[in-house]
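J.: Chains C, P, W and R are the protein sequences, given in the same order. Just so we're aligned, residue 5 is where the first sequence starts under my numbering, counting upward by one. Just so we're aligned, residue 5 is where the second sequence starts under my numbering, counting upward by one. Just so we're aligned, residue 5 is where the third sequence starts under my numbering, counting upward by one. Just so we're aligned, residue 5 is where the fourth sequence starts under my numbering, counting upward by one.
Rather than coming from a laboratory, the hints here were simulated on the basis of the structure. The reader is advised that the hints may include incorrect statements.
The list treats identical chains as one, so a pair stands whether inside a single copy or across any two.
[What the hints assert, rightly or not] DSS-like, lysine-lysine: derived pairs with alpha carbons at most 30 Å apart:
#, residue 1, residue 2
1, 122, 337
2, 10, 324
3, 230, 279
4, 328, 28
The chain contents come next:
Protein chains: 4
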Amino acid sequence: MIVVLKPNPNKEQLESLLNWLQDKGIQIHTSIGMSQTILGLVGETSSLDTDLIAALDIVEDVKRVQEPYKNANRKFHPEDTVITVGNTQIGGGTLTLMAGPCSVETEAQIIEVAKDVKASGATMLRGGAFKPRTSPYSFQGLGADGIELLKLAKQETGLPIVTEIMDASQLPLFKDVDVIQVGARNMQNFNLLKVLGAQEKPVMIKRGMSSTYEEWLMSAEYVMSKGNENVILCERGIRSFETYTRNTLDLAAIPVLRKLTHLPIIIDPSHATGKSFLVAPLAMSAVAGGADGLLIEVHNDPEHALCDGPQSLRPEAFDKLAHKLLSLHAFLKTQEA
Amino acid sequence: MIVVLKPNPNKEQLESLLNWLQDKGIQIHTSIGMSQTILGLVGETSSLDTDLIAALDIVEDVKRVQEPYKNANRKFHPEDTVITVGNTQIGGGTLTLMAGPCSVETEAQIIEVAKDVKASGATMLRGGAFKPRTSPYSFQGLGADGIELLKLAKQETGLPIVTEIMDASQLPLFKDVDVIQVGARNMQNFNLLKVLGAQEKPVMIKRGMSSTYEEWLMSAEYVMSKGNENVILCERGIRSFETYTRNTLDLAAIPVLRKLTHLPIIIDPSHATGKSFLVAPLAMSAVAGGADGLLIEVHNDPEHALCDGPQSLRPEAFDKLAHKLLSLHAFLKTQEA
Amino acid sequence: MIVVLKPNPNKEQLESLLNWLQDKGIQIHTSIGMSQTILGLVGETSSLDTDLIAALDIVEDVKRVQEPYKNANRKFHPEDTVITVGNTQIGGGTLTLMAGPCSVETEAQIIEVAKDVKASGATMLRGGAFKPRTSPYSFQGLGADGIELLKLAKQETGLPIVTEIMDASQLPLFKDVDVIQVGARNMQNFNLLKVLGAQEKPVMIKRGMSSTYEEWLMSAEYVMSKGNENVILCERGIRSFETYTRNTLDLAAIPVLRKLTHLPIIIDPSHATGKSFLVAPLAMSAVAGGADGLLIEVHNDPEHALCDGPQSLRPEAFDKLAHKLLSLHAFLKTQEA
Amino acid sequence: MIVVLKPNPNKEQLESLLNWLQDKGIQIHTSIGMSQTILGLVGETSSLDTDLIAALDIVEDVKRVQEPYKNANRKFHPEDTVITVGNTQIGGGTLTLMAGPCSVETEAQIIEVAKDVKASGATMLRGGAFKPRTSPYSFQGLGADGIELLKLAKQETGLPIVTEIMDASQLPLFKDVDVIQVGARNMQNFNLLKVLGAQEKPVMIKRGMSSTYEEWLMSAEYVMSKGNENVILCERGIRSFETYTRNTLDLAAIPVLRKLTHLPIIIDPSHATGKSFLVAPLAMSAVAGGADGLLIEVHNDPEHALCDGPQSLRPEAFDKLAHKLLSLHAFLKTQEA
């Protein structure tokens, strides 16, 4: 950590800061310049509160050199995390295809979609039971009933299921869910993250609409610091000034996260763009860029979907896309060798 | 609502759309152009799901003309909402000054600050008991104990208190709190909003870091649609590309919200900027722009604050600022006459 | 175009608007609702100034339905534009690889890099002679001398050259340049665009840091409306809140532009990210997403580059990447068939 | 400047870096930690190219401690810059009111508006002759004729004039203009900035749509480094995700710039918001926040303005606003004493 002092710092205050740091076992290297003095702090600085130091009268600026996350940090955990879910794996060179409708609507719908996407090569079934909707007047999901329908589809097809939790109080309903999803709007619902860290199911954390990579990894750290190491990161687009697409899909997240963390990385091109014609090309981009998997909306009747229709693919379109994605993934494997 | 059709729409699908709309009591006005047909939908369109219509094959675009919120809408409620809290009022031409530390730390601290800010003219005491922190390793607030300390300070000074709730399960602890704050990260925690809508205490909703005015008003609508009309909106800066300030304070929110809604508008220059030297000028700007009040961080020892020190004012600085703000507010009143 | 009127519009003003529109040959379809009246305007609306109409007292909002660009619009020009430069083509299913240093520095440097990238499969040589630098104290490029050096490298290798123009007055120096690049900061330098529209060389327009797709296409339209149809669009990242990468590369631009326009689309992963380890994965993503080509920084000595070193690849790294990109492109061709 | 090295840096490369820095007269303070080594560079670091250093294999990160601008820096020039234009001053505690139409249209229009705004208290006349328009099909301004009309209005009223230059080639036409405006889209047109630095008229630089404070000050530095110290900074809103307003007016710019620079600061609420009902409250906010002046669009016939009508005020509305602004400014002066 680097502390830049204001010109001519008050000597007593400086002494008091230096003593406080030394008491915490921090080594201090001082660079005295003509117009500025810089302190280089070395040691266990991740426990230091930068805000606290920045608040001091004699301090001009504080800059962190080391990442503030540990469990999620590749530096301390060089091997990729691979998460086993049912008979499939997420991470470790596989291509996870999570597919299904935005919302679970009826038994017929979810079972039909599940069969379709399984036949096309999907490895997991997605479907929303609790739906975070901007308007209180929009369909809010089937809730507990939706989860029951997902379980029927799982029984029927063997596909593990991933679905979103919106509040810690819903956790008992997720007993048979395979991966618990935290939505973008809840990425910094720290109470929820702590609760999910204290249970064992894998947690997939979607990136908040305006969250930095570091904030996102800190949310993973919330879960991991409570003991649950099975965290998956899902990029679903960030909010920018561009309004043609619903969000701006940030595919640099793949190689950036690959460097910073050992956790698996899933890309959601459906929610990111909000337009079905953009799903296939961006899914291809994600695979070529090294993603561990995709989260894709598929609906057997997108024209009557109860939510988020415009970005859903029909099963036939998903079938075609899944084949292209799997071929591309296989091709890229041959190139690595 | 306006529906723009794709060129040469399938006739059956169009008929089916028109019938569906007419069944819902919507009047349809059709404009047939050479390259495009436009449907003007008139009636109770706020119940129509734009996503659903946009998903249709024959539809190119859907544009809403009316606001999707009703209870929060000034069109249907032209009078300003005035909220009475203890012996003070929020809205209606008053200037509410909510002041206090970011975090409640000790009894001595909160009582001293409460007395100080009251003496300077503050009308409410703020202080965090549950703190949303980006890092699981940062101080998370005193929790229930913090609320107890706030209650002591309220007893001592008579100042009503406002403090943040992070999870619906904490509600029983808020029995003696006067205004319940929903933080920016929870602005779209819809479960929490519904729970707060089903109780009676005023709710102050901070704007999400990347939330539009409309999304913010829809969050107010979540609370109001459950029966609680006492909602306050608090602008605390949005996330932009500029990193010199922690966030970008959007003061246009004051006149924009004044037009769109009847709810009171509070400005938080402390969190918005993250730098204490910016608090006073932006607070002055907020009052001159017509804000109903301010939320300002004051700490008797910002150098040892357990969180968010750099933007806190010392009591003396707050005292000076409060006098300037109250003078300015009084001056502006004389100008209106 | 759709015009939403305010409730109870003044009748005379409405009549005057309707007459004015009819004089311009616009057909008007009126939808009268209980709380709102909507005018659907049909005809040659691209010549109408939306700002002018929106300024009227009786108008609440104006929404455009048709795109405001014509020459760049795929609707009026369904075939892909293919641009021939020397013995290479841009667009039409080829993969253009523009490679070379950020800045031209010495004869030895540019000739060596040109030979290297040609051997690796590059189809064009890039190199900056006029450099837009944030600081007046940074190296500003070799200017005219830099263009002379590029010409030597072209003579030596046969590679066509692309380099940036910063001001219309520099045009005479570009006589032997093959593609003239307009930088992100000049995307809305309309005088420059008009001058480039009145000459014949292909123009590659980089997207402005905070420009929408529509604004970018309008800049292409500036060039095309003056008679030069040879425009190439280059996505180089937009500015978002994320600071880990220099910019946020928006790969959705590829399929979006493919739909909206017939112009070729090049991706620049080097400037977009500012970090060399991100160039290869994002270049792969771009090719899989359907880009017509890439603009990649290659430097034989990035450690001593006079500008923008951190994102440059060494020739060996580019060689490896070019092979992967060309293999991927060839593989994708086989899948289409 | 701080250089963070990668773990276990190559010794030869490190030596070579240290020698290079010492040759430039830089003092180096080394902090060796367990996992990271930090170099504190002290001396004339503003001439060091951070990109160059960041490109080195052994370097993980480079952080600047000192601002990269000198002429514009308050640290080296503590006194406020006051610019005299005709018989008015910009800066130094005055309130400059620049008012007039977006575009100059006719002699009658500009002279009438000039007389009106002068009567209301405006100290300068603004009006666009060269107009940067997104579309090549929109009105592009009267050009040289527009400047002639502005000169007539100046003769008639004595008001100094401010108008925008779009290209260095237009400079000869600006002989009788008092302040030359550089638009947001040209803020980083470095050739133009250099040309304006080499002449004597005051230059008002509007902030780029997505430019940081530092980039903006670097553009001022371009002008100042060529010898012209008379630079004015004009905040006109930045681009954010919010689309209700045209841009997001960043009023924190006032106190931030006040700290960083000695140059005068003008606020443009008209272009920032694009809506006339937002102009008055934001103008009041700007004055209360300490702005040196305002740039306000006034049109005697906004319904027939040839551009940017929706945000223009009518002369009567400007008259009312100007009185409020001047009263507020006078009131604030009394409070300072």
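J.: Which earlier hints turn out false for this structure, listed by number in ascending order?
T.: 3, 4
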